[in-house]
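A.B. asks: Now for the letters of each chain:
2 protein chains.
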Amino acid sequence: MAAQTVASTTDSVDLGPAAALSCRECGHRVPLGPVFACEECFGPLEIAYDFSAYDTEELRKRIEAGPANIWRYAPLLPVPADVAEKPNINPGWTKLVQADNLARELGVDPGKLFVKDDSGNPTHSFKDRVVAQAIEAARAFGFTTLSCSSTGNLAGAVGAAAARAGFRSCVFIPHDLEQGKIVMAAIYGGELVGIEGNYDDVNRFCSELIGDPAGEGWGFVNVNLRPYYAEGSKTLAYEICEQLGWRLPDQLVVPIASGSQLTKIDKGLQELIKLGLVEDRPYKIFGAQAEGCSPVSVAYKAGHEVVRPQKPNTIAKSLAIGNPADGPYVLDIARRTGGAVEDVNDEQVVDAIKLLARTEGIFAETAGGVTVGVTRKLIENGLLDPTKTTVVLNTGDGLKTLDAVAGTGLTATIRPNLDSFREAGLA
Amino acid sequence: MAAQTVASTTDSVDLGPAAALSCRECGHRVPLGPVFACEECFGPLEIAYDFSAYDTEELRKRIEAGPANIWRYAPLLPVPADVAEKPNINPGWTKLVQADNLARELGVDPGKLFVKDDSGNPTHSFKDRVVAQAIEAARAFGFTTLSCSSTGNLAGAVGAAAARAGFRSCVFIPHDLEQGKIVMAAIYGGELVGIEGNYDDVNRFCSELIGDPAGEGWGFVNVNLRPYYAEGSKTLAYEICEQLGWRLPDQLVVPIASGSQLTKIDKGLQELIKLGLVEDRPYKIFGAQAEGCSPVSVAYKAGHEVVRPQKPNTIAKSLAIGNPADGPYVLDIARRTGGAVEDVNDEQVVDAIKLLARTEGIFAETAGGVTVGVTRKLIENGLLDPTKTTVVLNTGDGLKTLDAVAGTGLTATIRPNLDSFREAGLA
Chain C
1 MAAQTVASTT DSVDLGPAAA LSCRECGHRV PLGPVFACEE CFGPLEIAYD FSAYDTEELR
61 KRIEAGPANI WRYAPLLPVP ADVAEKPNIN PGWTKLVQAD NLARELGVDP GKLFVKDDSG
121 NPTHSFKDRV VAQAIEAARA FGFTTLSCSS TGNLAGAVGA AAARAGFRSC VFIPHDLEQG
181 KIVMAAIYGG ELVGIEGNYD DVNRFCSELI GDPAGEGWGF VNVNLRPYYA EGSKTLAYEI
241 CEQLGWRLPD QLVVPIASGS QLTKIDKGLQ ELIKLGLVED RPYKIFGAQA EGCSPVSVAY
301 KAGHEVVRPQ KPNTIAKSLA IGNPADGPYV LDIARRTGGA VEDVNDEQVV DAIKLLARTE
361 GIFAETAGGV TVGVTRKLIE NGLLDPTKTT VVLNTGDGLK TLDAVAGTGL TATIRPNLDS
421 FREAGLA
Chain P
1 MAAQTVASTT DSVDLGPAAA LSCRECGHRV PLGPVFACEE CFGPLEIAYD FSAYDTEELR
61 KRIEAGPANI WRYAPLLPVP ADVAEKPNIN PGWTKLVQAD NLARELGVDP GKLFVKDDSG
121 NPTHSFKDRV VAQAIEAARA FGFTTLSCSS TGNLAGAVGA AAARAGFRSC VFIPHDLEQG
181 KIVMAAIYGG ELVGIEGNYD DVNRFCSELI GDPAGEGWGF VNVNLRPYYA EGSKTLAYEI
241 CEQLGWRLPD QLVVPIASGS QLTKIDKGLQ ELIKLGLVED RPYKIFGAQA EGCSPVSVAY
301 KAGHEVVRPQ KPNTIAKSLA IGNPADGPYV LDIARRTGGA VEDVNDEQVV DAIKLLARTE
361 GIFAETAGGV TVGVTRKLIE NGLLDPTKTT VVLNTGDGLK TLDAVAGTGL TATIRPNLDS
421 FREAGLA
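Chains C and P are the protein sequences, given in the same order. Its first residue numbered 1, the first sequence is counted upward by one per residue in the numbering used here. Its first residue numbered 1, the second sequence is counted upward by one per residue in the numbering used here.
Treat the hints with caution; some may be incorrect.
Note: identical chains are not told apart, hence a pair may lie in one copy or across any two.
Taking lysine-lysine and the DSS-like style, the derived pairs with C-alpha atoms no more than 27 Å apart in a straight line are [to be verified]: (1) 301 to 86; (2) 354 to 86; (3) 377 to 267; (4) 274 to 311; (5) 311 to 61; (6) 61 to 301; (7) 274 to 377; (8) 388 to 86; (9) 112 to 86; (10) 354 to 267; (11) 274 to 86; (12) 377 to 86; (13) 311 to 388; (14) 354 to 274; (15) 274 to 301; (16) 311 to 112.
By construction, these hints were calculated from the structure, which means they are not laboratory data.
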């Protein structure tokens, strides 16, 4: 796969501690550039870092003195050291909520359950973390247009970040998306192109465009910038540990779409251990899917090492990837750490959204309903230990998936007087 | 006005530096309690503080070492010193965005324009700040039910905060609100009561309930808890100054609904000056309204000291208070500081929402469209100095007022092939 722009080698780009791209499958290394697949084996390329110069306690102090966003971890990310001075939407440092009310309902020990609430990001989903990384890579490689295919959260994140960072954006979506989702992506003023076809057609078209001269100078955040983009998920691991007082949680419950987030959280935890920022001790990672799109969960339960694709049919649309690229890596991590992969049905997703809202005041997207629902199920079937420190991820905001809970309504309707109030039994 | 609960005197409640309630009109003082109107003159009661024990530099250090939310300012708020340990939704410490792209469009000098973006709060509006205060007062006074009348943002903020803090909530809304707004408030699982009538009917009913035994033990956040609730807006002033490096901005543009937010921001700035945390120098406060509900702007321009009520008709529904209680105080502050009050029409509100989104990647609620639109108008008519440090408030999230920008849509629709892409002129 040829790099597409002028500044495409390690020598000419400054992405901080990022030293090269390395194939996850065969280990083949290539210089930093806008490439994503290994030229030897077609395996996925990942960032290889040089962290050798860091002193643990100096690094810890530097991080703690950094800004209240992901750039506090700039020394561990593929970004230049002065990244915080560049225009970006600066996501991250979202709340880690000690969820004692939820713990009580789920039978978890007091003080042991936490929700990492990524709805606090600028466009209210974890996608801001990954797009913020892609922006910096795009800048380094001299791209001027930022692009992606999307059916929702990613379109908004790319639109917002591109606007602020001064990039042109061109986002491709199925032309018949709900009007609300179109508004959320269109408001940032970039090109928002409807494709006459379904999401698969959109993706196929983007692959065509990326190999064509028309796509010259375009950074597709989750295609040719994917190795950089994906690293944004590591910041979830960093923040969780720092917010726990530089401690590893015992258990994490992470949603699975492509599986990239879960694998990068594991990578982030491993880095913290190697750097000495947290104690080296075991942790378990649990993956969460919706039953209507559960290829990894099905493979896990069947003991398979590969994932058989599914045709998604679930309200958890942000997780509805039927053929998850990182599925095999997720299976490996869940098994290696002693975790598991579980799924819940749409009714359980809705119940879990309501449970989280009424216990902790957090209104989660359907993906958050999946993780909370799966946590409950894992406790019930004995796979998750309710006496251990557990972090459940909520990766998006309920305002984005209002349809899923549209049945929620008034508890009473009364006339505007005290008699009517008393009759309704509200006193 | 009799206090309603057991713990109703200064002696028996711990609300930190809050020493008493004091009438804004006549200065009459009463003990801290769930009362809001002066028994002498019916003027509004405000919190009177005792800050005498504070050393400036110790206080600054204590604040800077505090949590990344409004409780870093606990020493300046009517809350107990250990407030950060109590369950609350912990709003605040939202981003102050240096808006260089917007500055360029508006003709403001580079580095001089900032947007204080309160859409980053837990339920995505500044209401979380005031409700968080009301919660702590409700706890101190022994209330067990939290209540309010609302048409939107406040209902969600009360529902979420009550859920997390372990209060019962009972929120009253007009029964025929849009389904989306009902879902956003109902999801937290409290009582959500539809009143057969309009917002005025809802308010009238709440006033009746508060004087009735049926309302015993109920804290209405913006009625009997209003003196505490309103103080939450001071935190906007504190954060802006701290985020500017403990400097006062030269100019602030603040939306006006009841006018309480603007008056409390002024109070917060005055407190910082008196405490020595910022230099004592002039600042100007500008008020922003929508033309369709502009009673304060009309009074300002006519040179009046009182405000004539209006019947609201604007898309900026979160600002649509036709008879703003703090209107006269706002007029006084705008004139005293050398600011002004201005309004923009609905078309200008929508344009400003789009302008902010495409320049800074911030999707604001209609109230944010009002402040950005007014800022542009104030620069055009020479009232706001584009060479001075200016902070514009965005108090809510665009996801909550999608209808206002529903016309925003696809820039092109194409077939999934490169020929169609080229024909659309997108290459």
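A.B. asks: Taking each numbered hint in turn, which are not upheld by the structure, reported in ascending numerical order?
C.D. replies: Failing hints, ascending: 1, 4, 5, 6, 7, 10, 11, 12, 13, 14, 15 and 16.
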